[in-house]
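Novice: Sequences are here, hints too, so could you generate the full structure?
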Amino acid sequence: GAVVSQHPSWVICKSGTSVKIECRSLDFQATTMFWYRQFPKQSLMLMATSNEGSKATYEQGVEKDKFLINHASLTLSTLTVTSAHPEDSSFYICSAISETQYFGPGTRLLVL
Amino acid sequence: LAKTTQPISMDSYEGQEVNITCSHNNIATNDYITWYQQFPSQGPRFIIQGYKTKVTNEVASLFIPADRKSSTLSLPRVSLSDTAVYYCLVGDQAGNNRKLIWGLGTSLAVNP
Chain A
1 GAVVSQHPSW
11 VICKSGTSVK
21 IECRSLDFQA
31 TTMFWYRQFP
41 KQSLMLMATS
51 NEGSKATYEQ
61 GVEKDKFLIN
71 HASLTLSTLT
81 VTSAHPEDSS
91 FYICSAISET
101 QYFGPGTRLL
111 VL
Chain B
113 LAKTTQPISM
123 DSYEGQEVNI
133 TCSHNNIATN
143 DYITWYQQFP
153 SQGPRFIIQG
163 YKTKVTNEVA
173 SLFIPADRKS
183 STLSLPRVSL
193 SDTAVYYCLV
203 GDQAGNNRKL
213 IWGLGTSLAV
223 NP
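So the protein sequences, as listed, match chains A and B.
Position 30 (the first sequence) corresponds to 30 in the working numbering; numbering is contiguous.
Position 8 (the second sequence) corresponds to 120 in the working numbering; numbering is contiguous.
Take the hints with a grain of salt, since some may be wrong.
Said to hold, decoys possible - Here's a subset of chain A near chain B, in silico, CB distances under 8 Å, partners left out: (1) Ser43; (2) Leu44; (3) Phe91; (4) Ile93; (5) Thr100; (6) Tyr102; (7) Phe103; (8) Gly104; (9) Pro105; (10) Gly106; (11) Arg108.
Because the hints were derived from the structure by calculation, they are not lab data.
These figures come from a predicted structure and were not determined experimentally.
Cβ coordinates follow ideal geometry from the N, Cα and C atoms, glycine included.
Specialist: Here it is, written out as structure tokens:
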């Protein structure tokens with residue numbers, strides 16, 4: 001199947017700093033990528049849809065100015081958590097479509 | 113939006129066949145059924161996808177009755193490494209996110 005990678009796999013940062021997470025489709029091109037957040041013992045929650053060459057579409061309740069998404073190429077989407085706070089600590093997962101939806105390995109974010 | 117219902121948890125033993133049933137009473141005509149597996153702190157992994165009747169691949173089988181209001185994921189001869197959460201989703205073949213609702217999935221525990 002198609003391979004999606006994420007970097008970094010985990011990150012610890014201080015409150016108030018910004019963190020960038022990269023999502024790459026390694027062996028296919030993806031005009032659309034998705035960003036999810038998952039809290040412990042909970043299911044995936046869609047945050048936004050990343051569209052190559054255009055603005056991302058955010059789900060209700062997700063602050064677009066806090067979670068900046070850039071999809072500059074057909075193989076790369078980035079999620080930047082701006083001015084991160086402890087409540088932003090979570091597991092962030094991206095996915096891309098190649099016939100069906102394939103997921104990255106996730107990024108664990110811990111904000112101190 | 114198509115909603116799915118699955119058992120919260122299941123227990124099994126090594127070498128047994130495990131069948132996880134998912135109900136999706138309001139599945140749309142063009143919806144596919146997709147199953148994912150997720151290990152702790154990892155992104156979901158695609159298992160199998162089908163539209164009707166039976167689909168089989170190297171890891172699982174998917175049984176879909178004629179009315180398509182339910183589906184059953186069958187894992188033959190499970191091992192300890194199959195302990196994971198299994199999600200059933202319905203949506204278009206590419207996994208159009210706006211039609212996907214991620215429930216809590218089924219937490220499968222395989223015992224020695």
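Novice: Hint check: is the beta carbon of A/Arg108 less than 8 Å from a beta carbon of chain B?
Specialist: Holds, about 6 Å.
Novice: For the hint on A/Gly106, does the least C-beta distance to chain B fall short of 8 Å?
Specialist: holds (5 Å)
Novice: So, A/Gly104 near chain B? Judge it on the closest CB pair being under 8 Å.
Specialist: holds (5 Å)
Novice: Quick check on A/Tyr102 please, does its C-beta sit within 8 Å of some C-beta on chain B?
Specialist: At about 6 Å, which falls below the 8 Å cut-off, the nearest Cβ of chain B leaves the hint on A/Tyr102 intact, so it holds.
Novice: Given A/Leu44 as an interface hint, is its Cβ closer than 8 Å to any Cβ of chain B?
Specialist: holds (4 Å)
Novice: Taking the least C-beta to C-beta distance, is A/Ser43 closer than 8 Å to chain B?
Specialist: holds (4 Å)
Novice: Answer holds if the nearest beta-carbon of chain B is closer than 8 Å to that of A/Ile93; otherwise answer violated.
Specialist: holds (5 Å)
Novice: Can the hint on A/Thr100 be confirmed by a CB-to-CB distance to chain B that is less than 8 Å?
Specialist: Holds. Min distance 5 Å.
Novice: Against chain B, is A/Phe103 within 8 Å by beta-carbon distance?
Specialist: holds (4 Å)
Novice: Go through the hint on A/Pro105 and say holds or violated, using the shortest Cβ distance to chain B against 8 Å.
Specialist: holds (5 Å)
Novice: Any CB of chain B closer than 8 Å to the CB of A/Phe91?
Specialist: holds (7 Å)
Comparing the model with each earlier hint shows no violations; every hint is respected.
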